[in-house]
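Q: If you're matching them up, the sequences are chains A and B in order. Going left to right, the first sequence walks through residues 1 to 115 as the working numbering numbers them. Going left to right, the second sequence walks through residues 1 to 113 as the working numbering numbers them.
I should point out that these hints are in silico values taken from the structure, not numbers from a laboratory. All values reported here derive from a predicted model rather than from experimental measurement. Glycine included, C-beta positions come from ideal geometry on N, C-alpha and C. It cannot be assumed that every hint is accurate.
Claimed, not checked - Taking CB as the label site, the calculated pair distances span:
#1 A:Phe69 / B:Arg60: 38 to 48 Å
#2 A:Gly16 / B:Asp7: 20 to 30 Å
#3 B:Ala81 / A:Thr53: 42 to 52 Å
#4 A:Glu82 / B:Val44: 25 to 35 Å
#5 B:Asp66 / A:Lys13: 24 to 34 Å
#6 A:Thr38 / B:Asn30: 38 to 48 Å
#7 B:Ile112 / A:Pro8: 40 to 50 Å
#8 A:Phe60 / B:His57: 35 to 45 Å
#9 A:Arg67 / B:Ser39: 26 to 36 Å
#10 B:Asn38 / A:Lys13: 31 to 41 Å
#11 A:Ser79 / B:Arg50: 14 to 24 Å
#12 B:Ile112 / A:Gly16: 40 to 50 Å
#13 A:Ser70 / B:Gly16: 49 to 59 Å
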Amino acid sequence: KAGVTQTPRYLIKTRGQQVTLSCSPISGHRSVSWYQQTPGQGLQFLFEYFSETQRNKGNFPGRFSGRQFSNSRSEMNVSTLELGDSALYLCASSLYTAPGQETQYFGPGTRLLVL
Amino acid sequence: SQQGEEDPQALSIQEGENATMNCSYKTSINNLQWYRQNSGRGLVHLILIRSNEREKHSGRLRVTLDTSKKSSSLLITASRAADTASYFCATGTSGAGSYQLTFGKGTKLSVIP
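Only chain A is shown next, with the shape it has when bound in the complex:
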């Protein structure tokens, strides 16, 4: 099976712009989670989607949003970019519908630089 793919891999934006990142999960996986990784804060959970519904959300401002499509592909959007949004954004997919299927498989990430 193909792994989790993320596009684009690298992105440069300026403050105030918005950005959309895309994630395609492993075939058959319906749960998609997003994480932000920075040197200062480490890996932080953004949100999780399952069957097009956001089931869980981390402690991030409303500028960070996401959605999931019927084919389980997911996008996350960051509006009004700030310098502090520069980070590696990681997407992970899993089968998870019940205990026993919790392993999350990560994509290579999208590295966002905000100037």
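Here the structure of chain A is known, so what remains is to put chain B in place on it, guided by the hints.
A: Just chain B, lined up with the frame of chain A:
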């Protein structure tokens, strides 16, 4: 917020030696997972240990979990240069039909050939 905290933050060893990394966490968990990350790339899942398990092996990896002390350790035996990476523990908690991983800040392992 960080749930797991790895110790040490950085570890440098010679090839062939064993590497031990520790993780402590604060709240009750369903399971604990260890991941590896090479140079800011995606994370690779190494092993999952459930809250009712005490030890688990996978190849050269050995993970222990002590829920009474809220701690876990990852042992890599006979390390290789290719093991050079950052290692993260992640605690898994579920609730309201959802499941969330909370990561520590990681241990940076350098294996010197």
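Q: Now tell me if each hint is right for this structure.
A: Tested hints:
Between Phe69 of chain A and Arg60 of chain B the CB atoms are about 40 Å apart, so this pair conforms to the stated range of 38 to 48 Å. For the pair Gly16 of chain A and Asp7 of chain B, the supplied restraint of 20 to 30 Å is violated, since their beta-carbon distance comes to about 40 Å. Look at Ala81 of chain B against Thr53 of chain A: about 44 Å separates their beta carbons, and that is inside 42 to 52 Å. Taking 25 to 35 Å as the suggested C-beta distance range, the pair Glu82 of chain A and Val44 of chain B conforms, at roughly 30 Å.
Checked against the hint of 24 to 34 Å, the C-beta distance between Asp66 of chain B and Lys13 of chain A comes to roughly 45 Å, which is inconsistent with it. Roughly 26 Å separates the CB atoms of Thr38 of chain A and Asn30 of chain B, a value that falls outside the hinted 38 to 48 Å. At about 35 Å, the CB distance of Ile112 of chain B to Pro8 of chain A disagrees with the hint of 40 to 50 Å. At about 37 Å, the CB distance of Phe60 of chain A to His57 of chain B agrees with the hint of 35 to 45 Å.
The hint said 26 to 36 Å for the Cβ distance between Arg67 of chain A and Ser39 of chain B, and at roughly 30 Å that hint holds. As the Cβ distance of Asn38 of chain B to Lys13 of chain A is approximately 26 Å, the hint placing it in 31 to 41 Å is violated. One distance hint, 14 to 24 Å for the beta-carbon pair Ser79 of chain A and Arg50 of chain B, is violated here, with the actual separation near 39 Å. At about 45 Å, the beta-carbon gap between Ile112 of chain B and Gly16 of chain A stays in the expected band of 40 to 50 Å.
For Ser70 of chain A paired with Gly16 of chain B, a C-beta distance near 51 Å keeps the hint of 49 to 59 Å intact.
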